[in-house]
Structure formats: structure tokens, C-alpha cells
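Asker: With these hints in hand, go ahead and build the complete structure from the sequences.
Protein chains in written order, with this note's numbering: chain A, 1 to 218; chain B, 1 to 218.
To be clear, the hints were calculated from the coordinates, so they are not data collected in a lab.
Each statement offered as a hint is correct.
Since the list gives no way to pick out one identical chain from another, each pair is judged satisfied if it fits inside one copy or across any two copies.
For lysine-lysine, the following DSSO-like pairs were computed, each having C-alpha atoms within a straight-line distance of at most 27 Å: (1) Lys2 with Lys69; (2) Lys2 with Lys90; (3) Lys188 with Lys69; (4) Lys55 with Lys43; (5) Lys2 with Lys43; (6) Lys69 with Lys55.
Fair warning: this is a prediction, and the values are worked out from it, not measured in the lab.
Okay, here's what each chain looks like letter by letter:
Number of protein chains: 2
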Amino acid sequence: MKDSLIVFSGGMDSTTMLYEYQERIALAVTFDYGSLQNAEERKFAVMHCARLGIKHIVVPMDFMRRHFKSALLSSPDDIPTDEYNESNMKSTVVPFRNGIMLSVAAGIAESNGLGRVMIANHSGDHAVYPDCRPGFVKAMSEAVRNGTYNAVEVFAPYTNIDKAAIARRGLGLGLDYSETYSCYKGGKVHCGACATCRERRAALAAAGINDTTVYESA
Amino acid sequence: MKDSLIVFSGGMDSTTMLYEYQERIALAVTFDYGSLQNAEERKFAVMHCARLGIKHIVVPMDFMRRHFKSALLSSPDDIPTDEYNESNMKSTVVPFRNGIMLSVAAGIAESNGLGRVMIANHSGDHAVYPDCRPGFVKAMSEAVRNGTYNAVEVFAPYTNIDKAAIARRGLGLGLDYSETYSCYKGGKVHCGACATCRERRAALAAAGINDTTVYESA
Numbered sequence: 001m002k003d004s005l006i007v008f009s010g011g012m013d014s015t016t017m018l019y020e021y022q023e024r025i026a027l028a029v030t031f032d033y034g035s036l037q038n039a040e041e042r043k044f045a046v047m048h049c050a051r052l053g054i055k056h057i058v059v060p061m062d063f064m065r066r067h068f069k070s071a072l073l074s075s076p077d078d079i080p081t082d083e084y085n086e087s088n089m090k091s092t093v094v095p096f097r098n099g100i101m102l103s104v105a106a107g108i109a110e111s112n113g114l115g116r117v118m119i120a121n122h123s124g125d126h127a128v129y130p131d132c133r134p135g136f137v138k139a140m141s142e143a144v145r146n147g148t149y150n151a152v153e154v155f156a157p158y159t160n161i162d163k164a165a166i167a168r169r170g171l172g173l174g175l176d177y178s179e180t181y182s183c184y185k186g187g188k189v190h191c192g193a194c195a196t197c198r199e200r201r202a203a204l205a206a207a208g209i210n211d212t213t214v215y216e217s218a
Numbered sequence: 001m002k003d004s005l006i007v008f009s010g011g012m013d014s015t016t017m018l019y020e021y022q023e024r025i026a027l028a029v030t031f032d033y034g035s036l037q038n039a040e041e042r043k044f045a046v047m048h049c050a051r052l053g054i055k056h057i058v059v060p061m062d063f064m065r066r067h068f069k070s071a072l073l074s075s076p077d078d079i080p081t082d083e084y085n086e087s088n089m090k091s092t093v094v095p096f097r098n099g100i101m102l103s104v105a106a107g108i109a110e111s112n113g114l115g116r117v118m119i120a121n122h123s124g125d126h127a128v129y130p131d132c133r134p135g136f137v138k139a140m141s142e143a144v145r146n147g148t149y150n151a152v153e154v155f156a157p158y159t160n161i162d163k164a165a166i167a168r169r170g171l172g173l174g175l176d177y178s179e180t181y182s183c184y185k186g187g188k189v190h191c192g193a194c195a196t197c198r199e200r201r202a203a204l205a206a207a208g209i210n211d212t213t214v215y216e217s218a
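Answerer: The structure is reproduced here in C-alpha cells:
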């Protein structure tokens, strides 16, 4: 039964979710909120949806670049290149990003008769991003259920697992993670040094995956 | 202390709120989601903010007209002209509209160091619009609080009063409601016959206000 919409960036996490739950997904929605990595991620988003025969739309959110403050909406030089942790990554927070994406996704789902929206937030982001934590997900799920005619459900099954565990699921599904994009600097090739590239490499290594991604820096 | 952002359309309810809480309002945000009444409402929104010296921005949400289904985003001929009640007005629901506006407002508030977002939903809309009800407001408030670094608060003090009670507050504040716009058909002059014009007229009458709005039909 195809009853679900997925918030889909083309990164490791949502790509894993797309393949894991493909039987249920009627529509994939990519939000273009002007972040540095959007353009490169989106190429993979388009490719995976075409491969699986899943309808895909891109929703432009130009107002976010204009009215929101975040290093991620600014310049590659503002992206932290140290370890992926709270103090380094706080500057990359796009305020309430997951709340905004889930809200718009809920409205599109209801407009299209779909009863569920999926999002691939995970536990590795809890320290950095408040809108990835279980308390947010629980309250937002209730808001979406209460605020829609058809009681749309939020489905966030990776909330309590980390990126390495997601990669292990992908390994089981036969995914090739070189067909995903993570770098917050947004270059054609992963820089390999920014905090998000470090997080990606660590997760793939922890999952025992031979990482064939091309990185600028070893 | 100016610590708040208001979701401000230029209609009766949010205009009353703008005047009632003007001391606390640092920023007024009008969402242009392509509804029929947006253009006429917005003229009043601009005027009131200029009069009170409150910064005002318009946030375009073009994607809603494209991806959402609602009579309100369609044609004046689709707007119901009977009594304002659930069965008539259901076609005008813009799915999860208040969730979307509150989410974006929360992100803009956090980006601007503001701790509170205000919205003027009221009890007269509970039957028609799920995202105006207390259960939605409570869950959404918790989602916004949990999902932002600075625990942004949602303030919706009209949730349990109706439009006539709002009009009585406006009367006490000396508001001239002919400087607000309500008609869902979106003409230069209020049609006077659509369900939203009927609701407006009934509220002003119930509040004992001499309604100087110009209506096309008596």
C-alpha cells in the first residue's frame, strides 16, 4: 500500500529510508531551502526516485535563505571542519528546519490523500539539532495528527538509532553509498574534511562498509 | 519588551492581536500562500504595521498554490456562499496551514533572537479547521519549544474565545474594522455574501459594532 510521503534529501539517511520503505512511498519531496549542499544532494535524489519509479517533487523555500540565519545558508568557509559535535555544528543549525519540512510535508500529504509522512532524523544529531530529538518528534507527531483532517501520521523510525546503524541497514539493502551526498561545503566532490564528511566516513567505517566515495582530502 | 513575532494577515483577528499586544511585537510576518484574499488583506497589514512602527515582512509560499488542494487557492466561484459552518467551509481548508505558518514563524523568530510567536486562531474556527483547535495548539507549542534552541513559545490567547469576543476586544481598543479585510472571494470590495463575509458581519453585529465596511450585497 503506497500511503506515504518521504522527506527526501538524497543524503545517506533519507536514501536508506527510501529503499527500506519503498513499498509504502507514493511521493518523495525534496526541500530546496538554499543550503550549500542542496544542489549536489538533489542530483542523487532525482536519480534514486527515477530508479525506484517513485514520484519526486522539489519544493523551493527561497524565503529561508533570506530570513534565516545559519552557516549552512551562508558560505563554504563558514562550515566547521573539526569533529562533528555540538559546539562545532551549532552554527549549521537551520532553525526549526525539521518542523518546517514536516509541516509542509503534512499539508502536501493531506492534499494528496496520503496518511503518513516519513523523515530520517537519527540519534547522532540529537546533541546538535533540537528538532531531531525524540521530544520534538513526539510533539510534532501529535500536532500533525491533531491539525489534519485525516490525522496524518509522522513516521521517524531512525530517531533512536545512529548513522552507523542506518549504514548497516543500507548494507543489508545492498545500497551503494557513493550514490549519496553529505558534504556541507557543497562542492562537486566531497571535501572529506568538514564535520559532516567526517561523520559520514566514521559511520561507513563503523558499519564495515568499503567507502568508495571520492573525497578531496584523505 | 519587544520579544515577539506575530503571524499577521491583516484580517480582523490578527489585526486585533497586533493592537492588543503591540508593546511586545518586534516583527510582523504575513504569509503569501496564494490564497484569494491575500492581496487585499495585505494592503491593510502593511498599513497597520506602518502606523504602529512595527517591522513587517511578507514571506512568499508559492509552493502552496502549486502543491496544495483548497478552494481558497482556486477560484472565487469555488468559495461557499452559505452559512459559515463545517460542511460549507471544509473545501476552504488549506491543509495544515497554521502548522506551516507557525513552523516558519518559529524559525524566523529563532533566527532573530525572538522568544515568542503569536497567532490569532479562535474558537469559531474549531469545527472547520483542525489546526485551530486547542489540541493542535498545545502539541504544536510543545513541538516548537522542544525543537528550537531557545525554547520559542507559541502564544495563542484567542484559542478559546470566538470572533465576536475578539471584536469586543477591538472595540475596547478603538479599532476601526473597516480597516481590515475578510472576504474569501478576494475582490476589492467585500462581497458580503460568502461564508467568511457572513461570519465577519455576524461577529461585528454581536459585538454591537456599527459596521462601516462596504459590502457588495446587503
